[in-house]
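Asks: Start from the sequences, fold in the hints, and give me the full structure.
Spelled out from the first residue to the last, the chains are:
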Amino acid sequence: MTDAVNTDRWIRWLNLVQLVLAGVIIMTPTVWMVLSSFKPSFEVTAYPPTLIFTPTLDNYVELTKTTPFLSYALNSLIVTVGSTALGLLFGIPAAFAVSWTRISWPAILTLAARMAPGTLFLLPWYVMFRQVGMIGSYTALILSHAVITLPIVIWVLLPSFDAIPRSVFEAAQVDGCSVTRILWRIALPLVASGIAVSAILAFVFSWNYFLFALVLSNGDTKTLIAAAFNFIGEGSTQWGALMAAATLIALPPLVLAALVQRWLVSGLTLGAVKG
Amino acid sequence: MSDTAATLTQDRQKLEMAALSAPAVIFTIAMIAFPVVYTIWLGFQTFSSTGKQTFAGLANYTKLMSDVEFWHGLWITIALFVLSLVLQLVFGVWLALVLFHAKRLPGIVRSLFISPFMMPPVVAGMMWLVILDPSLGAANYILQSLGLPPSDWLASPTWVIPTVALIDSWQWTPYVALIVLGGLQSLPPSVYEAAQIDGASAFKTFQRITLPLLLPTIVTAAILRSVDLLRFFDIIYITTQGGPGNASNTLNIYGFRVGFEFFNIGYASALMLTLTAIVFGAVLAFNRLRGAVAW
Chain A
1 MTDAVNTDRW
11 IRWLNLVQLV
21 LAGVIIMTPT
31 VWMVLSSFKP
41 SFEVTAYPPT
51 LIFTPTLDNY
61 VELTKTTPFL
71 SYALNSLIVT
81 VGSTALGLLF
91 GIPAAFAVSW
101 TRISWPAILT
111 LAARMAPGTL
121 FLLPWYVMFR
131 QVGMIGSYTA
141 LILSHAVITL
151 PIVIWVLLPS
161 FDAIPRSVFE
171 AAQVDGCSVT
181 RILWRIALPL
191 VASGIAVSAI
201 LAFVFSWNYF
211 LFALVLSNGD
221 TKTLIAAAFN
231 FIGEGSTQWG
241 ALMAAATLIA
251 LPPLVLAALV
261 QRWLVSGLTL
271 GAVKG
Chain B
1 MSDTAATLTQ
11 DRQKLEMAAL
21 SAPAVIFTIA
31 MIAFPVVYTI
41 WLGFQTFSST
51 GKQTFAGLAN
61 YTKLMSDVEF
71 WHGLWITIAL
81 FVLSLVLQLV
91 FGVWLALVLF
101 HAKRLPGIVR
111 SLFISPFMMP
121 PVVAGMMWLV
131 ILDPSLGAAN
141 YILQSLGLPP
151 SDWLASPTWV
161 IPTVALIDSW
171 QWTPYVALIV
181 LGGLQSLPPS
191 VYEAAQIDGA
201 SAFKTFQRIT
211 LPLLLPTIVT
221 AAILRSVDLL
231 RFFDIIYITT
241 QGGPGNASNT
251 LNIYGFRVGF
261 EFFNIGYASA
271 LMLTLTAIVF
281 GAVLAFNRLR
291 GAVAW
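Going down the list, the sequences are from chains A and B. Be aware that the first sequence starts at 1, since it is given in full-length UniProt numbering, and climbs by one per residue. Be aware that the second sequence starts at 1, since it is given in full-length UniProt numbering, and climbs by one per residue.
Hints should not be assumed to be uniformly reliable.
Stated by the list, open to error - To be clear about the criterion: a stretch of chain B counts as covered by chain A if any three or more of its residues have a C-beta under 8 Å from a C-beta of chain A, and this derived list gives those stretches: (1) 20-30; (2) 110-119; (3) 153-161; (4) 276-285.
As the list claims (entries may be wrong) - Some chain B residues flagged as far from chain A (calculated, every beta-carbon gap over 12 Å): (5) Met65; (6) Trp71; (7) Leu89; (8) Val130; (9) Lys204; (10) Thr210; (11) Asp234; (12) Gly291.
Since the hints were derived computationally from the structure, they do not count as laboratory data. Just so you know, these numbers come straight off a predicted model, no measurement behind them. Using N, Cα and C, we set each Cβ at its ideal position, and we do this for glycine too.
Replies: This is the structure:
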């Protein structure tokens, strides 16, 4: 009996060691990035690398002084919020209709679009947006990023709508409620948390998206991600500012993801796995 | 209620439902379906240096067949895909088992585990660029401290693809792990109890029971990762832009450069359509596999 207890304790200890090991591998690069962003410029490129240093905000100050970081951040915010709002506006009613009618092709259509390489649409978009003089406009960027947000909203919300008992809707129908009214007054409040999760995921993936803004933005509308090249600069002397930029760009998605981590798995697999 | 009135409300309801889906459907057709048709058409065109457009039939596709860069890009894409997928599935299953046996995971630990794939891939590229710097990076310092030879990592034509696979695996292994963990948690506990009573060892239980039951979940994870891996772009574009030389020039990077750096729109369209066919082919193949391992 004591043998079994000992083995059990040993296994649990072994598992903890592996868990810590995985945690260290996962966290070290990020911690290194954040540490480097607070290092004085002469220590960022010190070799051997240093762990003990006097933290400074110099890199952040330099970043905002030498690059239009804040206006890039504002561009990112406009494009991300705009595309998330558009995704919700189109996605919520579509998810509701797909869940109700069980006619799933609109949902599959948006997902298939998401699976194709972005460059496939970027080529014709570029040609088309150029013809109407929309290259570099927020509208073009928001529309392109809504291609990312729409399937996220639909697929994250589908299970939430599916979970509402049909009898709830049927009762409302008997009372003479129109479908639109049922969606607004009855279904929406019931899937509020699902909407929050879908909005946050849509925000994160729109914020993180690189390819479209690379081509469709101009100097004035460049998003943070598309401007990342500007921060890399030439040579390795700018590492401090580069790591400060990387830290700031990663901050919004990381904070938002931490808020909804509990509900992330089923959302991230677009319903493929019930988490 | 009379029959006609019932069908009338049913018709109205159908109409209302269609109206609810309409914005999403129209948006997708306008932004995706129409442009894809346009790309297909562009794939049959050639553009002269003055921008004059001529119908070229299959010329872009025959060019593809004899384009050394295309075959190189295909090889790089497949190598990166296989290497990354194997790394992420193996370590993802391992990490899922570790997390599964940890029983209780505080929210902060979960947040830390999801942080790699919630950050922009571009940021992951920036940060690893600094860590893997051949002369001043922390990675080589660690290697040398352990008495191992330093590597040129992203600057080495030989090692750039394994290095990119490592960076992507650092980002997405926790994602695979969370999917597999979901699969583990949904397995009926009675299965393990039966195995325990039979006195099966932990390894045998895993090999004979857990792994076969997990296969559908693992294939699902493989599908989700394949879609991203076959059109690999962000990390490579931010770190090497396909280099050194053309050592990390995946099909997606190559197609992007042909289209937006050389402005060869016709040929780029043919390239991107080919890559799209490869992605959907892989998804369909994996879907078949998932059907075969379902229980």
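Asks: With reference to the structure, classify each hint as holding or not holding.
Replies: For each hint, the structure was consulted:
1. 20-30: holds (count 7)
2. 110-119: holds (count 9)
3. 153-161: Check failed, 0 qualifying residues.
4. 276-285: holds (count 4)
5. Met65: Given that every Cβ of chain A is farther than 12 Å from that of Met65/B, nearest at about 20 Å, it holds.
6. Trp71: Check passes; 18 Å lies beyond 12 Å.
7. Leu89: 15 Å, holds
8. Val130: 6 Å, violated
9. Lys204: 15 Å, holds
10. Thr210: Non-interface label stands for Thr210/B: nearest chain A Cβ at 15 Å, farther than 12 Å.
11. Asp234: 5 Å, violated
12. Gly291: For Gly291/B, whose nearest Cβ neighbour in chain A is about 14 Å away, the distance exceeds 12 Å, so it holds.
In terms of the numbered hints stated before, the structure departs from hints 3, 8, 11, listed from lowest to highest.
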